[in-house]
Every structure is written in C-alpha cells, then in structure tokens.
Amino acid sequence: MRLSRYFLPVLKETPAEAQIVSHRLMLRAGMIRQASAGIYSWLPLGFKVLRMLENIVHEEQQRAGHIPMLMPTLQSADLWRESGRYDDYGKEMLRITDRHGRDMLYGPTNEELITDIFRNSVGSYKELPKTLYHIQWKFRDEVRPRFGVMRGREFFMKDGYNFDIDKESALHAYNRHLVSYLRTYERMGLQAIPMRADTGPIGGDHSHEFLVLAKTGESEVFYDSAVTDLSLGDRNVDYDSVEQCQAIFDEFTTPYARTDETHDEALFNQVPEARRKSARGIEVGQIFYFGTKYSDAMGATVNGPDGKPVPVHMGSHGIGVSRLIGALIEANHDDNGIIWPEAVAPFKVGVVNLKQGGGDTDAACEQLYQGLSARGLDPLYDDRNERAGAKFATMDLIGCPWRITVGPRGLKNGVVELTSRRSGESEEMSIEAAIDRCGQIYAGKEAIFV
RNA sequence: CGGGGCGUGGCGCAGCCUGGUAGCGCGGCGGUUUUGGGUACCGUAGGUCGUAGGUUCGAAUCCUAUCGCCCCGACCA
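Under the numbering used here, the first residue of the first sequence is numbered 42, with each subsequent residue one higher.
Rather than coming from a laboratory, the hints here were simulated on the basis of the structure. Accuracy of the hints is not assured; some may be wrong.
List of simulated lysine-lysine pairs, DSS-like, C-alpha gap at most 30 angstroms [said to hold, decoys possible]:
#  : residue 1 : residue 2
1  : Lys171    : Lys208
2  : Lys453    : Lys486
3  : Lys132    : Lys349
4  : Lys256    : Lys179
5  : Lys179    : Lys334
6  : Lys89     : Lys179
7  : Lys396    : Lys453
8  : Lys318    : Lys208
9  : Lys349    : Lys256
10 : Lys334    : Lys167
11 : Lys396    : Lys53
12 : Lys53     : Lys171
13 : Lys334    : Lys53
14 : Lys334    : Lys89
15 : Lys89     : Lys453
16 : Lys318    : Lys334
17 : Lys179    : Lys208
18 : Lys208    : Lys396
19 : Lys167    : Lys132
20 : Lys349    : Lys396
21 : Lys171    : Lys349
22 : Lys167    : Lys53
23 : Lys89     : Lys349
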C-alpha cells in the first residue's frame, strides 16, 4: 500500500477520553473511532489487524477439527425463554422489538441458537462428537464500557460449542480447546496463561480463563512463575489424541495460576516463595464445560446405541478477538507507539522515502515496493511529501515491525537501511538484500497475510 | 447501579466565577523550503459554544430541563 492512497488518519495528540495505552494508540494510529459508548468503527488499519487475528483463530480452530459456521447477531427471544436466560440475563442483554411487536435481542452469546440448530438436525450418537464455532459480533450492554475495545459493548468474538455423547468425551473437547487456544495465542506472539476460572452456578472445576499479563489488566492474578516458562512451541499435536491433549492440559494447568475470583491463599502458599507471583492480567478467552445445562433445558438429545435418548454434553469456548487487539498493544508498545508481533502486523514492512521527489530515492523505493509486494510482504510505502521525522514517527506509531529507510546518503553507497521496530537496531544492505532479508523474516507466515 | 467530572472548528485546550456577541496550539488548505526523527516562514479556510426552554437591552458565560461522553467503585470475552 502506498500511504498517499491509504486512509490512515493518525493523531498527534491524544484524545481526552482515552485512558489506557492501547486505547490511546489505537485512536492515534487511526485504527478505530468511537461511534458511541463502547461501540467503535474499525478504520482500515484496525480492520486489517482484526481480520488477521480472525484468520489465525479460524486456522487454529480448523486445525483442531472444529467446524466454522455463522449465526446471526439478532436472535428471537423465544429460544432464550426456553433456556430460562431471557429473564436471567438482565440488563446486559440488548432487547429489541420488531415491527410486529416480537421480542428480539442482539445476541450476547449463542448457546441457545446453536443448541436449537443442533437438536433439529442431529438425532444419533453416531454423529457425535461435533464442535461448531463462529466468529461474530456480540453485544453486551455493559454498565460501564471503557478502555476502548478492551471493554466495549459491541465486540467481535469467536464462540464455539462442542456436542458430545458423555462427559468423558466432552472433557476431551475441553482439553482440545485448551491446546488450540494456547497455540492460537502463541501464534499471535502473546503469552496467555490458562487460569482456573469461576464456574458460577454450574459448579465443577471445568473452566479456565486465558490471561495475558499486562500492567493495565482488569483482573488480579496469582501464579507460579513456572507457568510462564511453558510454551507449546512447534510441537505437533494430534488433536484427536485424548492422551496428548490431556498431557498438555496437565502440563499447563498443574502450576498454580488463578485470578482473584478463584484465588486460594493456602494453596498459593505451597508454591515456593521465589516463584510466587502476583500481577494483573487481561482475559482474552475462556473455555467451559457445562454438561447438560442447555441440552436438558432445550431437549437436545441424541439416541444412544440402545435407542434411548440421552442429553448431549456440551461446552462453550470463547476468544475475544477484538479485545485481543487491545491486549496485544498493551503487551507490545513503547513511548513511540505500537510494536506489532510480526504475525499480526497490519503491514509487514514499512518503506520510508527520505527524499520524496528525488529521482534516485523514488526509483529505489519503487523497486523495494515491487520486490516486497511480489513476495507477499504487504509493504507500506510512505510516499508522502513529508519530513523524515514525520515519516519515522508514523511508522513507529502504527508499529511496522521492520522499516526500510531510503535516503540519498545511503543510495550513494548503494545501500538502504533495515531497522527493527522492536530493538531499534539498523543494518545497511543493498536493496536486493533487504528484500531477501524481509522474506526470510516472514518465511512460514505467509498464510496469514490478508 | 452509587459517586465525581466534562461537552467551545478535525484534535488538545482557554474564555464562564465578575454576561457585551469567541481565542490559542496542533492539524487542514495554498505557497516558499528538498529536507536523515512530528522543520521553518508567509497566507488562508473552518465554530448557530451538545440540545431545548428561561432570565436579560444583550447569554459560551446565569437558571432549569434534557441528551451525550469520560473517570472512580460493584459485574463481564
């Protein structure tokens, strides 16, 4: 993309309403604009990141064998009356009446809808297990939306639902989700720690929240530092293997890690003192096994081998996709702006022309732009007639992980400068070498370019 | 939902107390400057002061209502 043709309304000054760094930077970098309290328009740069995250989530879900679909944002109240949640949900649910006086709602989640679809279409245990998911906008009429996309009223979320014949099978689905979520976050360049979560009225211990450690996190968390040393890495997981998923579940959930909701001081004190940590965290996902809660309430049964109907065991699992952008920025920024992990950078390489209108620099930038584009590296070429400082500042603000600087001084020696946003280190090399180097940096990450 | 605060050009703010018909910085636009970290200079456009009502000769300023937004606390991907 040539910056002169793009839509990137960056702000020099911070809008007064933004309190936390991710919100400020998203506004300043021209990623979002507020439409009303807790509701945002996604400008091109923000939308690009959102789609990238969405893509990663899709890929990892499908790798785990989960099936994508799409349910509507607006739902009929009838199903929610059937499950009993129409009254339980309270004011967080946005209720709407259509022209015929029918009660509708903007879905805060989709258990009812998916259960309805399931019960009308699946009748035999032979069709199980199944996990269906979608990535769709949700609306929860928060009392107090804040922190930009971190706690919006309208938010983009992946929610998935597993249907299994019994608890044992459903718990495998639970573990499988844990593994796929770990992988999803790691791929985005984030460390998200699974922490035991409150299961609410259903009880049991089968819910985990995934938290990204960040100073501005809303939850207080307590953990054994051993857990932050863990990583899934590039191990090849067979998602159908109960043993493998169970082993990873055990590996990641055995060290103490809890939010203030489930924190147990006595248990925590058993962790060696040097490894006892408390911090703040941002919740970016949650997995849940809830047994037959909805299948009982809504009559979602399948016939078992003996021909008798049995309620299916279900779980639901969510990833806050729009919130993840906030979490990513909270975890990756400095005073100058965002520092995107390479996998989720909206533009992989920035090209800065220090002398716009200079024949040599223009030609060199053009060569870089073509070369990087040909490799699928989605460069952002700042071809505006601006001072160097303004161009650098823009690239830093929007967080391009790599920047190639082209100036008359370097070109005289046949070199351009490749700079890492994260380390700030620069290296001079030829144009061809710069293109090659960028290609190497992003090798294996092509699939997620949008 | 309880407590607090704020609405003045695109953004950040001043003016309000002590009514006299709107100002600053940034940004925009047109030039000059061809520049190595948000450059400098010249010129220029842009605001029924959130909305409605009231007081007054006169309201951004005082009063009332209303809408919106933000912050602090209890709840949530």
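So, going through the hints one by one against the coordinates:
Of the supplied pair hints, the one linking Lys171 and Lys208 holds, its CA atoms being roughly 14 angstroms apart against a limit of 30 angstroms. Restraint check for Lys453 and Lys486: not satisfied, since their Cα atoms lie roughly 34 angstroms apart, outside the 30 angstroms limit. With a C-alpha separation of about 40 angstroms, the suggested pairing of Lys132 with Lys349 is violated against the 30 angstroms cut-off. Taking the CA atoms of Lys256 and Lys179, the gap is about 26 angstroms. The hint holds against a cut of 30 angstroms.
Taking the CA atoms of Lys179 and Lys334, the gap is near 22 angstroms; set against the 30 angstroms cutoff, the hint holds. The suggested pairing of Lys89 with Lys179 holds, with an alpha-carbon distance near 19 angstroms, which does not exceed 30 angstroms. For the given pair, Lys396 sits about 13 angstroms from Lys453 by alpha-carbon distance, which is consistent with the 30 angstroms threshold. Distance restraint check for Lys318 and Lys208: the Cα-Cα separation of roughly 34 angstroms exceeds the 30 angstroms cut-off, and the hinted pair is therefore not satisfied.
The hinted pair formed by Lys349 and Lys256 fails the criterion: a straight-line CA distance of about 53 angstroms is larger than 30 angstroms. Distance restraint check for Lys334 and Lys167: the Cα-Cα separation of roughly 21 angstroms lies within the 30 angstroms cut-off, and the hinted pair is therefore satisfied. A threshold of 30 angstroms between alpha carbons decides the hint, and for Lys396 with Lys53 the separation of about 22 angstroms falls inside it, so the pair holds. For the hint pairing Lys53 with Lys171, the CA-to-CA distance comes to about 50 angstroms; that exceeds 30 angstroms, so the pair is violated.
Distance restraint check for Lys334 and Lys53: the Cα-Cα separation of roughly 51 angstroms exceeds the 30 angstroms cut-off, and the hinted pair is therefore not satisfied. For the hint pairing Lys334 with Lys89, the CA-to-CA distance comes to about 38 angstroms; that exceeds 30 angstroms, so the pair is violated. A threshold of 30 angstroms between alpha carbons decides the hint, and for Lys89 with Lys453 the separation of about 36 angstroms lies outside it, so the pair is violated. Restraint check: the Cα-Cα separation between Lys318 and Lys334 comes to about 36 angstroms, which exceeds 30 angstroms; the hinted pair is violated.
Of the pairs offered as hints, the one joining Lys179 and Lys208 holds, with about 28 angstroms between alpha carbons and a cut-off of 30 angstroms not exceeded. Our distance criterion of 30 angstroms between C-alpha atoms is broken by Lys208 and Lys396, whose separation comes to about 66 angstroms. Using a Cα cut-off of 30 angstroms, the hinted pair Lys167 and Lys132 is violated, with the two alpha carbons roughly 40 angstroms apart. Taken as a hint, the Lys349 and Lys396 pair is broken in the structure, with Cα atoms around 77 angstroms apart against an allowance of 30 angstroms.
Among the hinted pairs, Lys171 with Lys349 is consistent with the structure: their alpha-carbon atoms are about 20 angstroms apart, no more than 30 angstroms. Taking the CA atoms of Lys167 and Lys53, the gap is near 60 angstroms; set against the 30 angstroms cutoff, the hint is violated. With a C-alpha separation of about 49 angstroms, the suggested pair Lys89 and Lys349 falls outside the 30 angstroms cut-off, and the hint is violated.
Checked against the numbered hints above, the structure violates hints 2, 3, 8, 9, 12, 13, 14, 15, 16, 18, 19, 20, 22 and 23; every other hint is satisfied.
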